[in-house]
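Protein chains in written order, with this note's numbering: chain A, 1 to 125; chain B, 1 to 149.
Worth double-checking, as some hints may not be accurate.
If you only want the chain B side, here are some residues facing chain A, beta carbon under 7 Å, derived [as the list claims (entries may be wrong)]:
(1) Ser120
(2) Gln121
(3) Gly123
Derived list of chain B stretches under chain A, where covered just means 3 residues or more per stretch with a C-beta under 8 Å from a C-beta of chain A [claimed, not checked]:
(4) 10-22
(5) 30-38
(6) 128-135
To be clear, the hints were calculated from the coordinates, so they are not data collected in a lab.
Bear in mind that the values here come from a model prediction, so they are computed numbers and not experimental data.
The beta-carbon is built from N, C-alpha and C at its ideal position, and this holds for glycine as well.
This is what each chain is made of:
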Amino acid sequence: MAAENISVIRLRDLLLVTVPPDPDDQTISALQEQVLQAMAEHECRGLVLDISTVQTLDSFFARTIAETVQMVAVMGGRTVLSGMRASVAVTATELGLTMGNALTALNMDRAFDLLGAELRKDRLV
Amino acid sequence: MKEIDRGEIRIASEGDIVMARRVVRNAATGLGFGITDVTRIVTAASELTRNIYHYAGSGVMRWRALAAGDRVGLELIMEDKGPGIPDVVKAMESGFTTRKGLGLGLPGARRLMDEMTIHSQVGSGTTVQVRKWLRRKNDATVANGEGSP
């Protein structure tokens, strides 16, 4: 089964990755790999993971995302999860999922604001 | 309790987990479940079919659309002939896993659904049955409307 397309866009030193709506496990694992490669290749400092089209967030998917956030963090980058649907937020919380240390934002605008603020904070320290 | 519709799908690959999610999403949406309940049911189906694939290698997911009184429901039955669960009580504890997982599969699915029954025998397999119910609001409104002035 072919992995669904994953969109990875670089904006200055930020990476914008759009997660497909209903990915299989292989696609989710491929996403992690692509994100880490792109972070290193483009020397990015921040990552926005757009999950606004994701319909189902189960424990495997959530674990891989939390892991990715952690891996990006040890590479010196910050991640913001953007656009989780209300139905997914309810279900994920009831299921007992936590997204690790990920910052979250309601939409893409706020995600970039938050990431910008975080990166400025890092620069001042 | 009346059966309205039914179907089944064989689970033997990661792609089948995706297919099971789609089948369950269609069935739940068709029964009139709202978006949050649909997401709960689909997520539970994803956890349970992944359990089949990872622990048993293969198995079957059967689904049934049910009607009982003023309620409709969706039932999912996951059947495998895998190694079985030695301690079902322990497997139901959050965080317990024998694999590289979060250990949320069974307890998580139970929280997302209204009913759950597990039958498991070591060496011969596991059957997990879950159900989610929906009160038929339209019928209730009509009945109340007739009774009130």
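Hints, one by one, checked against the model:
The interface hint given for serine 120 (chain B) is broken, as the beta carbon of that residue sits about 20 Å from the closest beta carbon of chain A, more than 7 Å. Taken as an interface hint, glutamine 121 (chain B) does not check out: its beta carbon lies about 25 Å from the nearest beta carbon of chain A, beyond 7 Å. Evaluation of the glycine 123 (chain B) hint against chain A yields a violated restraint, the C-beta minimum of about 26 Å exceeding 7 Å. Taking a C-beta to C-beta cut-off of 8 Å, the stretch 10-22 of chain B contributes 7 residues in contact with chain A, enough for the three needed, and the coverage statement holds.
For the stretch 30-38 of chain B, the proposed coverage by chain A is satisfied: 3 residues have a C-beta within less than 8 Å of a C-beta in that chain, meeting the threshold of three. Counting residues of the stretch 128-135 of chain B whose C-beta sits closer than 8 Å to any C-beta of chain A gives 0, which falls short of three, so the coverage hint is violated.
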